[in-house]
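There are 2 protein chains.
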Amino acid sequence: MLYGVGVGPGDPELLTLKAQRLISQVPVVFVPISRQGERSVAMDIAQHCLDPNKQEIVFLLFPMSRRPAVLQEAWSEAAAKIAGRLKAGQDGAFLTEGDPGLYSTFAYVLERLRSCLPELRVEIVPGVSSINAAAARSLTPLATGDESIAVVTGAHMDKLKAALRNHNTVVILKVKPAYDRILDMLEQEGLAGQAVLVERATSEGERVVEDIKSLRGQEMDYFSLLIVRKR
Amino acid sequence: MLYGVGVGPGDPELLTLKAQRLISQVPVVFVPISRQGERSVAMDIAQHCLDPNKQEIVFLLFPMSRRPAVLQEAWSEAAAKIAGRLKAGQDGAFLTEGDPGLYSTFAYVLERLRSCLPELRVEIVPGVSSINAAAARSLTPLATGDESIAVVTGAHMDKLKAALRNHNTVVILKVKPAYDRILDMLEQEGLAGQAVLVERATSEGERVVEDIKSLRGQEMDYFSLLIVRKR
Numbered sequence: 001m002l003y004g005v006g007v008g009p010g011d012p013e014l015l016t017l018k019a020q021r022l023i024s025q026v027p028v029v030f031v032p033i034s035r036q037g038e039r040s041v042a043m044d045i046a047q048h049c050l051d052p053n054k055q056e057i058v059f060l061l062f063p064m065s066r067r068p069a070v071l072q073e074a075w076s077e078a079a080a081k082i083a084g085r086l087k088a089g090q091d092g093a094f095l096t097e098g099d100p101g102l103y104s105t106f107a108y109v110l111e112r113l114r115s116c117l118p119e120l121r122v123e124i125v126p127g128v129s130s131i132n133a134a135a136a137r138s139l140t141p142l143a144t145g146d147e148s149i150a151v152v153t154g155a156h157m158d159k160l161k162a163a164l165r166n167h168n169t170v171v172i173l174k175v176k177p178a179y180d181r182i183l184d185m186l187e188q189e190g191l192a193g194q195a196v197l198v199e200r201a202t203s204e205g206e207r208v209v210e211d212i213k214s215l216r217g218q219e220m221d222y223f224s225l226l227i228v229r230k231r
Numbered sequence: 232m233l234y235g236v237g238v239g240p241g242d243p244e245l246l247t248l249k250a251q252r253l254i255s256q257v258p259v260v261f262v263p264i265s266r267q268g269e270r271s272v273a274m275d276i277a278q279h280c281l282d283p284n285k286q287e288i289v290f291l292l293f294p295m296s297r298r299p300a301v302l303q304e305a306w307s308e309a310a311a312k313i314a315g316r317l318k319a320g321q322d323g324a325f326l327t328e329g330d331p332g333l334y335s336t337f338a339y340v341l342e343r344l345r346s347c348l349p350e351l352r353v354e355i356v357p358g359v360s361s362i363n364a365a366a367a368r369s370l371t372p373l374a375t376g377d378e379s380i381a382v383v384t385g386a387h388m389d390k391l392k393a394a395l396r397n398h399n400t401v402v403i404l405k406v407k408p409a410y411d412r413i414l415d416m417l418e419q420e421g422l423a424g425q426a427v428l429v430e431r432a433t434s435e436g437e438r439v440v441e442d443i444k445s446l447r448g449q450e451m452d453y454f455s456l457l458i459v460r461k462r
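In the order they appear, the protein sequences are chains E and G. If you number the first sequence the way this note's numbering does, the last residue is 231 and the count never jumps. If you number the second sequence the way this note's numbering does, the last residue is 462 and the count never jumps.
No lab work stands behind these hints: they were computed from the structure. There could be a bad hint or two in this list.
[Stated by the list, open to error] Cross-link-like lysine to any residue pairs, in silico, SDA-like; alpha carbons within 25 Å at most:
(1) 390/G <-> 189/E
(2) 174/E <-> 295/G
(3) 444/G <-> 431/G
(4) 81/E <-> 376/G
(5) 392/G <-> 81/E
(6) 390/G <-> 162/E
(7) 405/G <-> 155/E
(8) 392/G <-> 157/E
(9) 230/E <-> 298/G
(10) 407/G <-> 168/E
(11) 161/E <-> 460/G
(12) 161/E <-> 378/G
(13) 161/E <-> 375/G
(14) 461/G <-> 81/E
(15) 159/E <-> 399/G
(16) 159/E <-> 444/G
[What the hints assert, rightly or not] So these bits of chain E aren't anywhere near chain G, every CB distance computed over 12 Å:
(17) 31
(18) 37
(19) 84
(20) 147
(21) 214
(22) 215
For glycine and all other residues, C-beta sits at the position ideal for the given N, C-alpha and C.
Between the sequences and the hints, there should be enough to build the whole structure, so can you do that?
Here you go:
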């Protein structure tokens with residue numbers, strides 16, 4: 001059995017009871033890293049559940065790249081490593097930050113695993129996502145009643161513009177590389193005063209910034225998101 | 232201190248460690264119900280954390296109504312009850328199903344509390360939402376890469392249509408009262424074969440239905456949602 005386990009947004013106390021139980025029980029834990037020898041955020045969050053004397057930790061390398069060939073090779077290699085352990089009869093847990101359904105590498109690996117191991121048994125254990133965590137830390141409701149929400153990334157400005165016009169709340173992920181352009185768009189749409197930036201929600205170094213204009217041209221963490229809540 | 236605590240989608244093991252700790256520690260637990268004497272879903276989920284001999288359980292009545300006057304009175308009454316306990320120096324936890332930021336009554340109550348108790352200290356503890364749980368149970372990724380997601384309810388067909396055209400994944404909540412109309416729309420858009428219905432994700436009686444056309448005219452649970460994942 002393979003478990004895809006969300007470990008939550010950062011605070012180790014935001015693991016679910018189920019994630020804690022499974023991560024501490026399985027003989028093999030699969031940990032995604034983006035560089036050889038680097039620390040894993042997901043593993044740091046789940047550290048208190050792991051026992052390196054009793055469990056095997058298998059690191060899976062997913063380089064930060066946009067080149068399809070590089071990514072596909074990484075996903076296939078990871079799937080092969082996982083398949084090897086599962087075929088040997090060992091249960092494993094694949095750790096993902098936040099929730100496994102939201103922007104996680106686990107989706108790609110699972111797709112490959114299911115095609116090469118048709119008899120694969122898999123269970124996904126949902127986790128608290130960084131979106132819900134950021135809403136909580138900034139005391140911003142994401143939606144009430146019959147309102148709607150869009151979740152977009154900072155990569156497509158046209159999509160962002162349409163989302164800002166069509167939805168009550170827009171959550172913008174991966175804002176760091178495009179922050180100033182996103183800010184321009186929010187100012188154009190008259191929404192810069194109705195947004196909040198949350199950096200590293202529930203982790204060390206967390207910041208909640210309501211004056212988002214003050215961040216123009218500034219450095220920010222990769223794990224930053226904006227919540228635009230239209231009044 | 233008031234804690235707004237998400238208890239997750241239904242499986243008691245999907246509570247976070249933090250929710251479990253806070254719910255079992257606070258002297259007062261606020262529990263939303265929709266009818267006097269009715270069971271509370273959120274309280275059932277958190278039952279294993281509660282000790283009625285040591286904790287006071289305060290039920291807050293939120294009638295299932297669309298009449299603004301009825302709702303506003305309920306929110307104000309709830310806020311007054313909570314304010315009374317907090318002023319007496321007692322910490323309390325307000326339980327919400329799923330995550331407090333998503334379609335929860337807590338948002339309305341908090342708004343009222345903050346205006347009548349400016350010195351209010353409040354912390355929201357995010358939870359696993361039913362959206363993440365449904366994605367997990369149906370093994371459907373919500374988004375990868377730079378994809379976008381819309382979350383809408385079954386109340387606005389125009390909004391649904393636009394969302395289906397503009398986003399990679401559309402999550403439709405509160406589908407029960409409008410199921411057949413939603414199905415018509417998905418068929419018109421050629422998307423009925425790319426959707427999955429999840430009922431009572433992670434709770435007793437859970438159902439994951441891929442053949443969503445088979446549900447036309449059928450009864451379904453209030454806690455049902457559709458995930459449309461465009462290929």
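Can you give the numbers of the hints that this structure goes against, from lowest to highest?
-> Numbers 2, 5, 7, 14, 16 and 20, in rising order.
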